[in-house]
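Using the sequences and the hints given, assemble the complete structure.
Sequences listed follow chains A and B, in order. So in my numbering the end of the first sequence lands on 417, straight run, no missing numbers. So in my numbering the end of the second sequence lands on 417, straight run, no missing numbers.
Hints may contain errors.
[Said to hold, decoys possible] The calculated lysine to aspartate or glutamate pairs, modelled on EDC-like cross-linking and capped at a C-alpha distance of 20 Å, are:
no., chain 1, residue 1, chain 2, residue 2
1, A, K298, B, E103
2, A, K169, B, E98
3, B, K275, A, D389
4, A, K275, B, E354
5, A, K411, B, E103
6, B, K275, A, D170
7, B, K278, B, E324
8, A, K372, B, D358
9, A, K204, A, D341
10, B, K183, B, E354
11, B, K275, A, D126
12, B, K298, A, E364
13, B, K372, A, E364
14, A, K275, B, E324
15, A, K372, B, E354
16, A, K372, B, E364
17, B, K411, A, D389
18, B, K101, B, E211
19, A, K275, B, D126
20, A, K372, B, D389
21, B, K298, A, E200
In short, the hints are calculated from the structure, not lab data.
Here are the chains, one letter per residue:
2 protein chains.
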Amino acid sequence: MEKLKTELLIIGAGPAGLGAAIYAARSALDFLVVDKFLAGGQIVTTEFIENYPGFRGNISGYDLMQNIIEHCKDFNINLRENTVINKIQPPKQNINKIGKSNLENIFKCFGDELEITANSIIIATGASPKRLFVEGENEFIGKGISFCATCDGALYNDKEVMVIGGGNTAIQEALFLVKFAKTVYIVHRRNQLRAVKSLQLKAFSNPKIKFIWDSVVEKFDGSTHVEEVTLKNIKTNKITVKKIDGVFEYIGIKPNSELVKDIVDLDEQGFILTNKNLRTSMAGIFAAGDVRDTVLRQVITAVADGAVAATSADKYLNNLL
Amino acid sequence: MEKLKTELLIIGAGPAGLGAAIYAARSALDFLVVDKFLAGGQIVTTEFIENYPGFRGNISGYDLMQNIIEHCKDFNINLRENTVINKIQPPKQNINKIGKSNLENIFKCFGDELEITANSIIIATGASPKRLFVEGENEFIGKGISFCATCDGALYNDKEVMVIGGGNTAIQEALFLVKFAKTVYIVHRRNQLRAVKSLQLKAFSNPKIKFIWDSVVEKFDGSTHVEEVTLKNIKTNKITVKKIDGVFEYIGIKPNSELVKDIVDLDEQGFILTNKNLRTSMAGIFAAGDVRDTVLRQVITAVADGAVAATSADKYLNNLL
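Written out as structure tokens, the structure is:
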């Protein structure tokens, strides 16, 4: 069993975790970043990022994150990839604000053959879009199948796109996509929307939006990019094949907050509740990026969250927060 | 009198305003950015930025902002420099949330020989550090005189630096600087600190921190970089000249919120109060970056604020917020 000790453990090496790492390095903290897979986060599968200010043109998610990873390496950050943390055991009595040093608070973090004791933790484990799990989906994610209209909508100027879902986000994003696309097909498995009335009214009155009711996706086809969607009407069992330029899946998003669900407060959907300093309900644990209750899930906002969380962790470790 | 009309007026073209512009452009909003001076913001005078993730090495504030300005130009944003807005007249009755379209809300913004009618506004006017206004200060700002230890502290490894001020921020930043600097001199005009007790105790017990009481700065000298500070003891009138590698002025920061002080709620120090969506107390007016009640004032957080504010303004204009 390997044992490590650190002032700050950053869990997750996507945009939020790496943003936190750069700020922790600049604060000369003793810290460690772990990721269950490789550094970069889910954004590495995104074709083009047009909206990380300062990086012009069509930089890929992979290349943007390589820049940020190299930036971290300049600071000699201690990054362990392929390292899963399974359990966090908080201090028996959390002594924040009762006159002793926060450095006496010890979180024990357990992985496979690994135990890390940390004085503070930043949770930057991100969120995962819920998936359809149909044929062709894996193949075309980042190649025409997207989970983010704010990210990719502008790439479909005058094109035909499809939105899968009927909730608030699906309709909101469909209403965003009509600014660019010629037609937005909304595919929903029921014959009415779950979205709030005001959104429904807007969607129904928009001539660019067309509804495909009672239908589910059977599979995606294409060559280098998605080109066709096979749909099944679940009432009639009729199969239809539609030509399409892009697909946006909005069947929900799931925060990766399993690890801390019993020790910090979550909202109804499982996102970690944070205050202005990105502190969670437990002193010493901070959250940054998509895993928290944020209003916008973008690379730029996740990186900035990381900066705030690391700065707050530094203050906490110095008994200033 | 020139008259313009826009859905969204962004006031200020620093990191927050330009971050907002990129997101407004990607949302296909009809918008206009104005700056009283040139685009880029106060950060253009900073020597090196090491902590805008993705930009490695010693990029200057000027070069970073040129990248972001060029990024904006790729989206053909409508930017008017040297354009002062003197007054904002809100709609007589703000009709947000009473069943009518937010596009019927009209703010009238008055400049010199200019009137802009806007359906929504993002205030991104920044904040200005309070200044000493002594000889040599102008000359060496960005050349050894800094207003931000988080930004520039790491540049003074094993060097001698001076902090001017005795409040919370001054002491907090001095405690940050000891991680790098050999000695941190704190120069304060009184013989006791204004900072909270816990900070005082930390500072007094740190062997790297030395206090110069009852003293004010008379002038700064140097060649290409600040090298000497002339101090006067205000009780004895004794003049001392100290060799120094860097100076951090922390005599306060002043939000540039004058324009909206009568129409939105401010905190005690004049920073604009915002909610999670960066909405101010008035529907249709948003705030981003240093001018608002944020916990961290950095380029990355200001740019991210811009992204959030623009996304919120887009939702507001579509009656979704």
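Here's how the hints hold up against the structure:
{"no.": "1", "hint": "A/K298 x B/E103", "verdict": "19 Å, holds"}
{"no.": "2", "hint": "A/K169 x B/E98", "verdict": "52 Å, violated"}
{"no.": "3", "hint": "B/K275 x A/D389", "verdict": "33 Å, violated"}
{"no.": "4", "hint": "A/K275 x B/E354", "verdict": "36 Å, violated"}
{"no.": "5", "hint": "A/K411 x B/E103", "verdict": "41 Å, violated"}
{"no.": "6", "hint": "B/K275 x A/D170", "verdict": "18 Å, holds"}
{"no.": "7", "hint": "B/K278 x B/E324", "verdict": "17 Å, holds"}
{"no.": "8", "hint": "A/K372 x B/D358", "verdict": "25 Å, violated"}
{"no.": "9", "hint": "A/K204 x A/D341", "verdict": "49 Å, violated"}
{"no.": "10", "hint": "B/K183 x B/E354", "verdict": "9 Å, holds"}
{"no.": "11", "hint": "B/K275 x A/D126", "verdict": "12 Å, holds"}
{"no.": "12", "hint": "B/K298 x A/E364", "verdict": "41 Å, violated"}
{"no.": "13", "hint": "B/K372 x A/E364", "verdict": "18 Å, holds"}
{"no.": "14", "hint": "A/K275 x B/E324", "verdict": "58 Å, violated"}
{"no.": "15", "hint": "A/K372 x B/E354", "verdict": "24 Å, violated"}
{"no.": "16", "hint": "A/K372 x B/E364", "verdict": "17 Å, holds"}
{"no.": "17", "hint": "B/K411 x A/D389", "verdict": "18 Å, holds"}
{"no.": "18", "hint": "B/K101 x B/E211", "verdict": "8 Å, holds"}
{"no.": "19", "hint": "A/K275 x B/D126", "verdict": "12 Å, holds"}
{"no.": "20", "hint": "A/K372 x B/D389", "verdict": "10 Å, holds"}
{"no.": "21", "hint": "B/K298 x A/E200", "verdict": "17 Å, holds"}
In the structure shown, a violation is registered for the earlier hints numbered 2, 3, 4, 5, 8, 9, 12, 14, 15, in ascending order.
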